[in-house]
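J.: Work the whole structure out from these sequences, hints included.
Here are the chains, one letter per residue:
There are 2 protein chains.
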Amino acid sequence: MKIVETFDALQEALLRLKRPLGFVPTMGYLHEGHLSLVKRAKQDCESVVVSIFANPAQFAPDEDLDNYPRDIDRDLELLTGVGTNLVWIPSVINMYPEDFQTWINVEQVTKPLEGQVRNTHFQGVTTVVSKLFNAVRPDKSYFGQKDAQQAVVIKQMVRDLNYPIEIVICPIVREVDGLAMSSRNSYLNEEERQAALCLSQGLSKAEEAFHKGEKNAEKIREIVASVIDEEQLAELQYVSCAHPETLEELEGEIESCLLSMAVFIGRTRLIDNILLLQPKT
Amino acid sequence: MKIVETFDALQEALLRLKRPLGFVPTMGYLHEGHLSLVKRAKQDCESVVVSIFANPAQFAPDEDLDNYPRDIDRDLELLTGVGTNLVWIPSVINMYPEDFQTWINVEQVTKPLEGQVRNTHFQGVTTVVSKLFNAVRPDKSYFGQKDAQQAVVIKQMVRDLNYPIEIVICPIVREVDGLAMSSRNSYLNEEERQAALCLSQGLSKAEEAFHKGEKNAEKIREIVASVIDEEQLAELQYVSCAHPETLEELEGEIESCLLSMAVFIGRTRLIDNILLLQPKT
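If you read the sequences in order, they're chains E and P. Residue 28 in our numbering is what sits at position 28 of the first sequence, and the numbering runs on without skipping anything. To convert, take the position in the second sequence, counting from 1, and add 281; that gives our numbering.
It should be emphasised that the hints constitute simulated quantities derived from the structure, not laboratory data. Check before you lean on any hint, since a few could be wrong.
To be verified - Pairwise CB distance ranges, derived in the manner of DEER restraints:
#, chain 1, residue 1, chain 2, residue 2, range
1, P, E489, E, D62, 17 to 27 Å
2, P, P452, E, R74, 49 to 59 Å
3, P, R297, E, E166, 16 to 26 Å
4, E, A60, P, Q292, 30 to 40 Å
5, P, E526, E, A9, 50 to 60 Å
6, E, R267, P, N497, 57 to 67 Å
Claimed, not checked - 30 Å max Cα-Cα, derived BS3-like pairs, lysine-lysine:
#, chain 1, residue 1, chain 2, residue 2
7, E, K39, E, K146
8, P, K323, P, K486
9, E, K155, P, K561
10, P, K421, P, K486
11, E, K140, P, K436
12, P, K486, E, K2
13, E, K215, E, K2
14, E, K140, E, K111
15, P, K323, P, K299
16, E, K39, E, K140
17, E, K212, E, K140
18, E, K18, P, K323
19, E, K18, P, K283
20, P, K392, P, K421
21, E, K140, P, K283
22, P, K561, P, K436
23, E, K2, P, K421
24, P, K561, E, K111
25, E, K18, P, K421
26, P, K496, P, K561
27, P, K427, P, K493
28, P, K299, P, K320
29, E, K215, E, K39
30, E, K42, P, K299
31, P, K493, P, K283
32, P, K427, P, K500
33, E, K140, E, K2
34, E, K111, E, K42
35, E, K155, P, K436
36, E, K205, E, K140
37, P, K427, P, K320
38, P, K299, E, K140
39, P, K283, P, K299
40, E, K18, P, K427
Glycine included, C-beta positions come from ideal geometry on N, C-alpha and C.
T.: Take a look at the structure:
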């Protein structure tokens with residue numbers, strides 16, 4: 001496994017990789033969710049490139065950039081284990097030099113949900129992903145369904161900006177007890193870790209109701225909200241029952257939806273989601 | 282010479298071209314200025330791709346998109362003559378489908394000069410150039426110094442977004458009498474065509490003064506303004522003496538500058554510029 005830092009070293013290393021090329025952008029502190037993306041890329045492609053970059057542009061000043069967990073040695077060991085060919089670890093100063101001034105904005109699908117509570121988040125995400133795509137020029141790139149809105153935003157950007165890149169969205173990987181894997185789970189103490197189960201439990205309860213016939217968007221949101229409400233350490237930031245592609249909030253009778261939420265467990269902000277789809281008849 | 286319209290046909294045609302690949306984006310109605318870019322690309326690269334697309338996003342509603350001159354047959358004949366390998370002529374609906382919503386903004390160098398009088402112009406330019414770059418993935422791309430600010434903006438975007446593309450800026454091509462070549466010159470009637478000489482004449486007069494020792498930015502702008510003022514059919518929109526890279530307007534004693542202007546000749550808006558540089562000692 002080759003490891004590079006500079007843009008020039010990356011370009012040189014890329015010349016030696018066989019196509020098709022799969023690319024997995026990460027912020028490091030890898031878990032099974034990330035590794036599932038690399039494994040899938042490895043199945044689909046001749047070579048796999050992974051980037052590790054905790055992108056400052058997608059954190060607001062009051063967010064957790066400075067505390068974001070890091071363990072590069074462990075990350076590299078994990079990436080070797082799943083057959084990664086090339087790891088790119090760019091520096092902040094190379095990615096955002098002093099006169100940096102170019103931003104990519106996806107205008108509509110960035111507005112609701114995470115975009116509503118994290119104003120500049122998606123501008124940071126789309127800009128850095130575009131930079132990574134331009135530098136790596138992959139054939140396919142892999143993202144997790146865990147960041148459901150991010151997946152929608154990236155797919156929109158790729159269509160709009162004519163990237164000849166196939167975006168593959170992989171399922172959420174969960175702990176045995178249901179908690180969606182996230183680098184931020186490392187912030188949780190033992191009590192909070194237990195409390196954090198309310199997210200997946202809320203989704204499961206709503207899913208069960210949906211499949212038993214509950215099709216009212218407001219009712220589905222209420223089922224989630226009441227599960228979160230029962231958990232003392234949890235505070236619901238939002239719960240949304242939205243159109244899976246446009247992300248517009250749905251009202252009344254629905255056929256399918258992206259059911260998603262953000263919840264504070266103590267000071268840790270967690271997100272989770274599930275796609276509720278009618279079984280094909 | 283292969284001609285393609287759709288994105289998929291482009292991708293297939295690109296696979297057959299030898300690298301390095303040179304790319305010349307145009308809005309059509311080609312003249313010797315465009316052809317000088319293709320010729321230069323042909324010298325530098327194994328294959329040359331030209332796009333023809335009058336990009337609606339870089340025209341304001343009150344600008345001349347609907348009247349912008351078009352002659353595809355003549356364009357294709359000219360491109361064949363200079364050894365172009367592939368011409369991409371995308372459609373507006375393919376480039377901007379109904380749910381299109383992604384824009385690229387270069388924030389600082391787009392603000393002065395053309396950006397000040399054409400608010401959304403550069404957002405349209407950077408977005409379409411990024412789309413074209415993503416679809417074509419060239420090694421080098423060629424732009425004219427005629428659109429001096431555009432050249433600065435594109436270079437900034439390429440650095441900021443990590444495009445592994447070398448941007449080559451080629452000199453302004455002028456008619457024998459000095460008028461900078463432009464597709465928009467076709468709007469001029471005989472009398473206006475004569476009046477339009479005031480742009481290059483103003484630049485020449487300022488250049489001469491600069492090399493004779495006039496180093497005051499305000500004075501240099503005045504020299505240009507007074508030449509334009511003498512021409513009855515001409516109305517100066519702006520004249521600028523700016524830093525060649527940051528495009529910040531300069532005051533007082535200068536060492537070098539981008540001297541540029543926009544002038545209405547009747548209803549036709551023309552631009553021209555010259556780099557004033559100290560001779561290297």
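J.: Going through the earlier hints one by one, which of them does the structure break, listed in rising order?
T.: Structure breaks hints 1, 5, 8, 9, 10, 12, 13, 17, 24, 29, 31, 34, 36, 40.
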